[in-house]
Structures are given as structure tokens and as C-alpha cells.
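Asker: Read off the chains here:
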Amino acid sequence: MTELAASDPLPKPKRDLAPILLPVALALAMIPLVGSPSTWLTLTAASLAMGMMIFIMASGLTLVFGLMDVLNFGHGAFIAVGAYVATLVFAPFAASVQADSLWLNLAVLAPAALLSMAVSGALGLVVERVLILPVYGQHLKQILMTTGGLIVAEQTLYALWGPQIIPMPLPASLRGSFILGDVAIAKYRVLAMLIGLAVFVAIQLVLNRTKLGLLIRAGVENREMVEALGYRIRRLFLGVFMTGSALAGLGGVMWALYREQVHASMSDELTVLIFVVVIIGGLGSIGGCFIGAILVAMVANYGGFLVPKLALVSNILLMVAVLMWRPRGLYAVTSR
Amino acid sequence: MMLLSGDPPRSRVLTLILVVIILALAATPFLFPGAKALNVAAKICVFAALVASYDLLLGYTGTVSFAHTMFYGIGSYAIAIALYGMGANWAAVATGIVIGLPLAALLALAIGLFSLRVAAIFFAMITLAVASAFQVLASQLSWLTGGEDGRSFQLPELLRPGTVLISKNLFGFEVNGRILTFYLVFAISALMILALLRVVNSPFGRVLQAIRENRFRAEALGFRTVFHLTYANCLAALVAASAGILNALWLRYAGPDTSLSFSIMLDILLMVVIGGMGTIYGAIIGATIFILAQNYLQSLMGVASKAASEAGLPLLPGLLHPDRWLLWLGLLFIASVYFFPTGVVGRLRHGRGDKSAGTPH
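So the sequence lines, in the order shown, correspond to chains B and R.
In terms of numbering that gives the first Met the number 0, the first sequence opens at residue 0 and continues consecutively.
In terms of numbering that gives the first Met the number 0, the second sequence opens at residue 0 and continues consecutively.
The hints are simulated quantities; they were obtained by calculation from the structure and are not laboratory data.
C-beta atoms are modelled at their ideal positions from N, C-alpha and C, and glycine is treated no differently.
Just so you know, not all the hints are guaranteed correct.
Not close to chain B: a few residues of chain R, all C-beta gaps over 12 Å, as computed [unchecked claim]:
(1) L136
(2) L164
(3) F172
(4) L220
(5) F226
Here chain R is said to cover these stretches of chain B; the calculated rule only asks that three of the stretch's residues, wherever they fall, bring their Cβ under 8 Å from a Cβ of chain R [said to hold, decoys possible]:
(6) 133-140
(7) 145-151
Full structure from sequences and hints, please.
Answerer: Structure (C-alpha cells):
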């Protein structure tokens with residue numbers, strides 16, 4: 000260790016590159032196994048698109064845990080609510096959705112997504128105030144409360160919309176694929192990738208380049224110290240919670256369009272997926288969450304292509320493998 | 000007192016309620032005629048034992064596991080597959096037990112060791128993920144489990160409804176194989192609950208409570224917390240698998256909906272919290288309230304829903320529809336975590352001014 004003079008800049012923290020290389024290595028290792036390069040490209044594009052959607056849904060959960068040590072088992076409810084709200088916008092404008100014009104389609108899609116985010120975010124406000132505020136610092140009760148919230152939300156959706164599956168057709172101009180040589184990449188997947196990447200970049204910019212982000216990151220590392228410096232971290236947390244809920248709503252719309260259907264049980268199915276992603280990434284880490292989402296999607300896509308039977312338990316195997324390597328997830332951000 | 004391991008209900012009202020429940024369950028075949036009453040009573044017995052085993056985890060060690068139905072399902076499927084594959088004989092029953100119970104215990108050991116190696120906070124999430132994978136596995140491996148349809152099977156001769164053990168003209172009641180099966184379920188469930196009461200009041204149980212209150216301090220006192228938690232996990236899994244065996248024997252069927260689905264996990268959670276965490280007795284109360292509501296409240300809701308739709312009220316018919324009864328139980332669940340976290344049992348004990356009632360935080 001050399002002595003540092005006071006005027007020296009702080010030593011840069013070492014960049015931990017191994018987790019970033021993991022999905023790249025996984026993708027490259029799959030080339031010989033899959034065989035044909037065009038199939039490999041299609042599969043890789045599919046996993047990236049799926050990974051981005053999962054990332055959008057999971058990012059809020061990981062931040063909420065990292066910042067406030069709150070385990071939200073009801074995160075899936077925001078996803079389902081977002082998807083259902085989008086159907087409200089889609090139904091009256093079915094003609095514009097089916098019209099073969101990109102602008103007309105987007106004119107429906109964009110407001111639908113925004114409305115979903117607004118409703119999910121507002122619901123996040125209610126949930127935080129009513130369910131989570133009374134049980135800060137008590138993990139057991141948080142899990143119970145939010146699980147109860149999930150039941151109530153799901154049942155309310157059933158009561159309002161009925162138990163049947165609601166179809167949600169893709170807008171006409173987003174159907175089909177881009178064909179490059181003999182590689183086919185679905186148009187919607189490209190859009191999903193773009194949105195996911197935009198969300199990731201936006202979150203990273205806010206976290207790393209603004210004062211708000213500085214406070215959030217400081218709060219993740221040491222909550223009491225930020226409070227002692229005079230910042231109302233509860234309010235900060237409420238903002239993060241609402242943003243996370245809104246993102247979950249956006250993810251819900253995208254997932255519904257990807258599957259072209261909406262059902263209240265999608266929250267159960269996705270909750271498990273999101274938990275796996277958040278655990279793999281390391282609770283509280285956005286970068287880890289991003290890599291985790293891509294890894295989960297890659298394992299699902301490659302696994303589903305190569306060994307369909309294995310796809311059933313592939314998530315668990317991936318989680319076990321990652322946790323054996325790093326018991327606290329890829330990036331351990333919090334000190335807890 | 001010996002039977003209750005020195006842990007009596009500690010409240011006169013609670014004792015009275017428990018005695019009434021147990022007597023009513025014991026006398027169901029003679030008091031309430033009809034298949035439905037007997038089914039409800041058997042289900043209460045099975046779930047009381049299952050919920051008590053979950054209480055060992057949730058109430059006494061403070062860990063939330065979402066994999067409890069997995070162990071319940073392992074027991075159900077083990078006995079169902081054995082009886083389906085080997086025919087209706089006692090050797091098949093024994094095979095199911097010999098395979099099912101150790102399998103559940105081993106899986107619990109594996110999950111326990113793995114998730115306790117990583118951060119403790121992951122436990123609930125990991126169990127949820129493992130349980131959902133197991134559920135998918137069970138519905139996909141249809142050559143073994145019968146897929147979504149599950150497996151129906153015949154019971155050994157002695158336990159069939161057609162077998163008349165004591166004919167009607169002797170006491171005025173006919174005792175057949177079905178009633179014998181009911182008493183088998185009743186007796187084994189009661190034994191398991193008494194055994195759990197024994198466990199939580201042993202020195203081992205005290206250590207579990209110490210871990211719940213302050214894991215760090217328990218470790219500092221020299222207890223191997225990982226060993227204790229894993230051991231508690233395996234015990235709970237064994238009881239859950241046994242409850243699964245009883246359930247399959249009673250229903251003569253095992254399928255994803257009756258033994259594995261996530262909604263059963265939520266039911267268990269609701270029963271523990273409503274009955275009272277960390278009391279074991281809460282399991283009996285919670286299971287009774289919940290299953291009675293499940294079977295009889297729904298018809299009441301149907302009437303209310305109809306009345307509301309006839310009165311032309313908006314929204315209410317949908318909210319009161321019999322299929323939406325979980326909505327109201329969910330609200331009840333949140334309210335009880337909020338207002339009386341110690342559940343019915345804690346309330347009754349506390350009402351007597353007894354401060355020693357278990358209050359997990």
C-alpha cells in the first residue's frame with residue numbers, strides 16, 4: 000500500500016468484469032451446440048429481448064430491496080395491473096391497433112403504456128403507504144403483508160375483468176420479422192430490446208449522474224448516514240417504490256404483447272422469474288439485475304431449444320450455480 | 000399435562016373452543032351424517048397437522064418457506080403412485096411411506112443447507128422458486144404423476160367404503176371402511192400435532208425461539224443455528240409429507256390442484272396467521288375457521304351476490320361472487336397481520352392478561 004497525499008484523487012474502485020463476461024461467454028459457448036449460426040442469432044436476439052422485458056419488471060424490486068430492505072412479494076401484482084390497464088386502452092381503439100400504419104399503432108401503444116405506468120405507480124403509492132409503511136424493518140411481516148396484497152390484487156382483477164384470458168393482439172406493424180439473409184428477428188423483439196436498453200441507460204444515468212441518484216446509492220449503502228445528513232429517505236424511498244411499480248406496469252404491458260394475452264395469474268408466473276433474476280444479480284444491484292435477466296432469458300431460450308425437458312428446472316439450476324460461485328449474487332451491493 | 004408437553008392452551012375460552020372442535024371432529028361420523036361433513040372434518044384434521052408443521056417454521060423459527068406444499072405434495076404423490084402402480088395392498092402403502100418420507104426429508108435438507116449457505120433473506124425467495132419448479136415438473140412428468148389429471152387409486156380392502164366392520168343393527172350406526180379411514184386420519188393428525196407440541200417445548204424448541212428472537216445472540220451463546228434451522232426444516236417437511244399421505248389416502252387421489260398448487264400454500268399461510276403464529280394450537284383453530292369458511296361461506300356469498308345483482312348494484316355482484324372468497328380472506332389476512340399479529344390464540348391468551356403468549360416479530 001502506498002501512502003496517498005491529500006490532494007491525490009481517490010483511487011478508482013476496481014471494476015468487476017467477470018459477471019459481465021458471463022452472458023457473453025454463455026452465448027459464445029452455445030454457437031457450436033446450437034449448430035446453425037442463423038438459429039443461434041435468432042435465439043440470441045430472442046433471449047436479449049426477453050431479458051430486457053424481465054429486467055424492466057425486476058429493476059424496481061431490486062432497488063426497493065436495496066434502498067429500504069423491503070421484500071415485496073406483491074411486485075407481480077403491478078405487472079398484472081399494468082397489463083390489464085393496457086387492455087382498457089387497446090379495446091376501444093382496436094381498429095387503429097390493426098391498421099397497418101406504424102404511427103397509428105404507436106399512437107395507441109404509447110398512451111396505453113403511459114397509462115399503465117401511471118396506474119401502477121399510483122397503486123405503488125397506495126401499497127407503500129397502506130401495506131409497507133406499518134411494517135418497516137420487519138421482514139416476516141413484510142412478506143406476509145405483501146403476499147396478502149398480491150392475493151387481494153389478483154382477486155380484484157378477477158372480480159373486475161372475469162377469470163378468462165384476455166387476448167391482446169400485437170399492433171399490425173409490429174408483427175412479422177426483419178429478415179437479414181437467413182436470419183429472422185421478430186420486429187417486436189427489436190422494439191422490446193430498444194425499450195429495455197433505454198430504461199437501463201436511463202436508470203444508470205439517474206443513479207450515476209444526478210444528485211438524486213447519488214442519494215439513492217448512498218441510501219443503499221448506509222441508510223442511517225443519509226438520514227443523519229438531513230435527507231428524508233422515506234420520501235426518497237416512496238419515489239423509488241412508485242418508479243419501480245410503474246416500471247413493473249410497463250413490463251407487464253410489454254410481456255402481455257409478447258405473449259399476446261393477459262391473465263391475472265401472469266403475476267404468479269413472473270414473480271418467480273423476477274425473484275430468480277434479483278437473487279442472481281445480487282439484491283439492490285441494477286447492473287446485476289440486468290445481467291441476471293439476460294442470463295435467465297438465455298438459459299430459457301437456449302435450454303428450450305437444446306434440451307426442452309431441462310427448461311423446466313433451468314432457472315433453479317442457474318440460480319444454484321451462480322449462488323455457489325457468489326453466495327450473495329453477482330454484485331453484492333448492500334452490506335446486509 | 001404430560002400429553003400436552005406442559006404447554007396447555009392457557010385460556011379458558013381457548014380450551015373450550017379446542018375441546019369443542021376436537022369432540023366435534025371425533026364425533027362427526029355419528030353427529031353429522033352425509034359425505035360432505037365427513038370430508039370437511041377429514042380435511043380439517045389433515046390441514047391442522049399440516050399447518051402446525053408450518054407453524055414450527057414460521058412461528059417458532061421465524062423463517063418464511065414457500066415450499067411447504069412441495070413436501071405435502073411429495074407425500075401425496077408417493078402414496079398415490081405406489082398404490083396406483085402396485086395395486087391396492089398394504090405393501091404399496093408401506094412402499095409409499097418408505098419412499099415419500101425420506102425423499103421429503105432429504106429435499107428439505109438440501110434446500111436448508113443450500114439456502115442457509117447464502118444470505119438468510121433469500122430463503123423465502125429460493126423456496127418459492129424451487130416449489131414452482133417442482134410443480135411444473137410434477138405436471139410435466141405425466142408418465143409418473145399423471146400430469147394435470149393426477150392419479151386416482153384404490154385403497155386396500157379394509158379401508159374401502161364397502162367394507163362393513165360393524166353392521167348397523169348393533170349400535171344403530173354402520174361402521175365401514177370409510178369411517179375407519181377417517182379415524183386413521185384423525186388419530187395420526189392428532190399424534191403429529193402432539194409430537195410437534197413436544198418438539199416446540201423441548202430444549203430444541205427453545206433454541207428455535209431464541210433464533211427467531213435474535214439469531215446473532217443465539218449463535219453467540221454457542222448454538223449451531225444452521226444445524227437447528229435445518230433440523231426444524233426437515234421435521235416440518237416430514238410432518239407435511241405425512242399430512243400429504245393422509246390427504247391422498249382420504250381423497251383416493253393425488254393431483255396438482257389438491258396437493259401442490261400455490262393456492263394451497265397461501266391457504267396454509269392464511270391459516271397460520273389467522274389462528275396465531277407460534278402457538279401450535281393456532282393451527283387447529285386456523286384450519287377449522289378457514290376450511291369451514293371455504294366450504295360453507297361460499298354458498299353464503301353466492302346468496303349475497305345474487306341479492307346484490309338483483310338489487311342492481313354495480314361491482315358488488317362481482318366482488319361477492321363465490322369464486323372471489325379468497326379476496327375477502329386476503330383482506331382478513333392483511334387485517335390480522337396488521338391488527339392482531341398473534342392471531343385468534345394470541346388474542347384469547349392476551350385477553351386473560353397472560354403476557355407469556357408467543358408473540359413473534
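Asker: Look at each hint and say if it fits the structure.
Answerer: Status of the hints after comparison with the structure:
1. Look at R:L136: its CB is around 6 Å from the nearest CB on chain B, not clear of 12 Å, so calling it non-interface is violated.
2. At the 12 Å boundary, the C-beta of R:L164 stays outside the reach of chain B, the nearest C-beta of that chain being 43 Å off.
3. The beta carbon of R:F172 is kept farther than 12 Å from every beta carbon of chain B, the shortest such distance being approximately 41 Å.
4. Non-interface status of R:L220 relative to chain B is upheld: no Cβ of that chain comes within 12 Å, the nearest being about 22 Å off.
5. Even its closest Cβ contact with chain B, about 19 Å, leaves R:F226 beyond 12 Å, as expected for a residue assigned away from the interface.
6. Only when three residues or more bring their CB closer than 8 Å to a CB of chain R does the claim for the stretch 133-140 of chain B stand; here the count is 6, and the claim holds.
7. For the stretch 145-151 of chain B, the proposed coverage by chain R is satisfied: 5 residues have a C-beta within less than 8 Å of a C-beta in that chain, meeting the threshold of three.
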